[in-house]
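*Asks:* Chain residues, written in single-letter form:
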Amino acid sequence: MTGSCERIDIGHNCVEVACDYTKRKHVLRLSSPASNTELLLQADDTLTMAHWIRDLQTHAIAQSASESNISPHQGKSRKLPATSPRKSSATEATLPPSPKSKTWKGRVAKQFRRIQAGAGSPNSPHPPYPPGTNIGVPLQHCVSSTFSEFVPLLVELCTNVVESKGLEIIGIYRVPGNTAAVSSLTEAVNKGLDSSVLAQDPRWSDVNVISSLLKSFFRRLPDSLLTTELYPAFIQADKIEDPVQRMNTIKKLVHELPDHHFQTLKYILQHLKRVVDNAEVNKMEARNLAIVFGPTLVRAGGDDMVTMVTDMSHQCRIVETLILNVDWFFDESESLNPVDTVELSTGVDHHGPTNPSLLLNNIHKMEGIQQSVSAKDIVSSILFAANRKINRSVSSSKAFSSHSTQGHLSTSASTSKIACSLPPPPSSTATSPTNPQPPGSSNEHPTSSPSCKPPAPSPHSPVAQCISQSVMFSGNIAKKLQSPEEEQEGGGGGVSPSGSSGAITSYTGLSANTQERIRRFEQETLAMLHKEYKLNMDKDSKRELELDDKSLDSSTLSSNELRPSSESISSNSLNLSRLSSSCATSPSPSLQRSPRSPRLATRSSSATHMKRLKTGKELENESSPASGSTDSLTLQDVTRSQSQHILASDEGSQRRGSVTRVHSRQC
Amino acid sequence: MPEQSNDYRVVVFGAGGVGKSSLVLRFVKGTFRESYIPTIEDTYRQVISCNKNICTLQITDTTGSHQFPAMQRLSISKGHAFILVYSCTSRQSLEELRPIWEVIRETKGGANELASIPIMLVGNKCDETENREVSAAEGEAEAKSWGCHFMETSAKTNHNVKELFAELLNLEKNRNISLQLEKKGQLKGTRKLKEKCMVM
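Respectively, the protein sequence lines represent chains B and A. Position one of the first sequence corresponds to residue 1 (our numbering), numbered consecutively onward. Position one of the second sequence corresponds to residue 1001 (our numbering), numbered consecutively onward.
Worth flagging that the hints you see were computed from the coordinates, not collected in a lab. Note that this is a predicted model, so its numbers are computed, not measured. Treat the hints with care, as some may be off.
Straight-line alpha carbon distances no greater than 30 Å define the calculated DSS-like cross-link-like pairs of lysine-lysine that follow [said to hold, decoys possible]: (1) Lys165(B) to Lys273(B); (2) Lys1156(A) to Lys1144(A); (3) Lys1162(A) to Lys283(B); (4) Lys1108(A) to Lys1078(A); (5) Lys1108(A) to Lys1144(A); (6) Lys283(B) to Lys1108(A).
Excised from the complex, chain B in its bound form:
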């Protein structure tokens, strides 16, 4: 501190992290547009810096609120009841004598810099936040609501409008308000939030405008509601397969949020819950709201589109989870770690409805079957199992011969293999939909799967047909591709019979048209596989030679893995079909047994949810061409290169990743 220890007007200053100042770390900037000065302060660490920023901003708010009548240098009294009571004593105009200053060590550099604002300094690229601004500024900067210092007043006002007028409007939060009205209202709000004036503004009565304003508020927060800092952790947490663990992790993360974010999140989620409670009228279920709010509330810093697209399904799922379980997430009394019954039921309840419905969408698109309970169970089980198996086969593909290399490169092929090798979960769910077996038991009779043989002369015959097609794809391709793998695995004996028989018998019950479609699909798939096989043979031949010696060992290993993995699949199928509450007591046994499972689980769930991103809109009674199943089988490809899907769509057919859908029209 040199002779420049003059008084600094915090109220008129804008506080921000001096991220463009790279010479030192943890530097924050106090810039005063009025006097053209900038003050760079260095803190010990990020945390200290964050504290400083928060405090300084709070002061600025308090002062700006009172500045209309009182000179900034005496800004001790506050006009707005909304401002923080906590900070009232510290509204001094000088650099705050806050207790935190003690934590600054003597060596901390305090640099005064006077920079002419007109000089175009690179140090001030960010526009300062004018006092009273409510949109586009950090939460801490916003005027507080009437009930909590941490929740912005604007949020309170908007949610009040929506709850009083908008709960019964179809598509509330989905249908945008008038853009011009929203932007002019944004301007008005940034000039000051006087609720009595705003109440007379006709734009406040347009619920769609208000809902858009609220969304815009959250979207324009410099730091997203779930914070940029915790964003990666949230996304990772959402990828946890075990529902209980996932819920617990998310809850823990939520409680790590800064006060402002935590309280605002709590408030907005409670509000959204009330919207969802009226879903019968407004048609905005938790999932719909999550699609609308997910990318708004949960976003990474910056405009990284790849991240945005890649994580979008997770963003939505996080928000959906939060909305559905808002009471549990914000119940602070409950301890986080012990898995008690409440948490269990919460986790399973949530997981149940989400995943099967996603898969179901996919299925309906595939076969256009009518909705039926066992249809859901069977097909979603197959698909889910298939996805998991794909992951497994990917991870252990090096161990297999060229055939399995081929398989893992072509998703269709690996999916097929799986569908055929894993009839048990579907069969158990189909035959005893209300009386689920424990996860392990269904596994022990892999070949007893009568329901896989089509077509059952029952009300569920479309279902059976659907299954048979799935199995059949698997059957034919598997016959050609899988035999080497079976030899290696040794334990695959129980697998192959069911696979091939499925392939043969499944043709019988189908219409000629369907059969034709399937054959064509198989032919094309095989042709494609063959092509790819050739391509990859060259690449892989060297590696295979090297791996040749090891492959024996690893194949043994993989056969050991087979069982745990399929157990986990069956348990998951049961979970998915919401048949079993007993499953919940032993969630994911596979996680302990199979060393690879955690990673696989992550991939699998991401696959599932990417799927949702693609097909979240399908309806039960759609009839669709067989290519729909192609779509579902190429799901994994989509996941593997999601970024390519949008960013690199130019590559089109050259990249398997961009093969999102192949829809053919039935003319």
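Since the structure of chain B is provided, determine the placement of chain A on it from the hints.
*Replies:* Relative to the frame of chain B, chain A by itself:
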């Protein structure tokens, strides 16, 4: 990035709930759903053929619920042709399209270039006569002022849906006659019945 000649991208824009997905699904699958599910983003592919070559018609169904300018700009810069959908039952939804159209105009360059880009303004839900807020004439006038083409559709009753896409591809011939004529000519007649598995 080199232009892929056998990939033709159509992007569908519009406010939330106007029926973008319904239109696309009606065209791609011939079905209509009553459910109410917002879209994040979907891409549909349809194989069409042009002079014995396979050409992929790629239809991107965008979200109307949350518009991230960056996403929008990306879609626009990638798109070859655009469908701007509003709902005849909501004047607001028509007004929502103006900023999108302006972004398209900015992204796609000058007036000459813009004129060569197929853009269709579409008033969907034209079957809902009771709730109609925007008349066909108004829509047409708006389209004229934007310099794009206009059509009223109903995904529910399957009115004008196929025509919409046919017309859109038809417009493309203005830009590159030799290439686009094929597309147009082939659209209805020789669309392959056979589904293509594109796993590479």
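*Asks:* Now, for every hint given, state plainly whether the structure supports it.
*Replies:* Status of each hint after checking the structure:
1. Lys165(B) to Lys273(B): holds, 16 Å
2. Lys1156(A) to Lys1144(A): holds, 26 Å
3. Lys1162(A) to Lys283(B): holds, 29 Å
4. Lys1108(A) to Lys1078(A): holds, 10 Å
5. Lys1108(A) to Lys1144(A): The given pair, whose Cα atoms are some 18 Å apart, holds under the 30 Å limit.
6. Lys283(B) to Lys1108(A): violated, 37 Å
When each numbered hint is compared with the structure, a violation occurs for hint 6 only.
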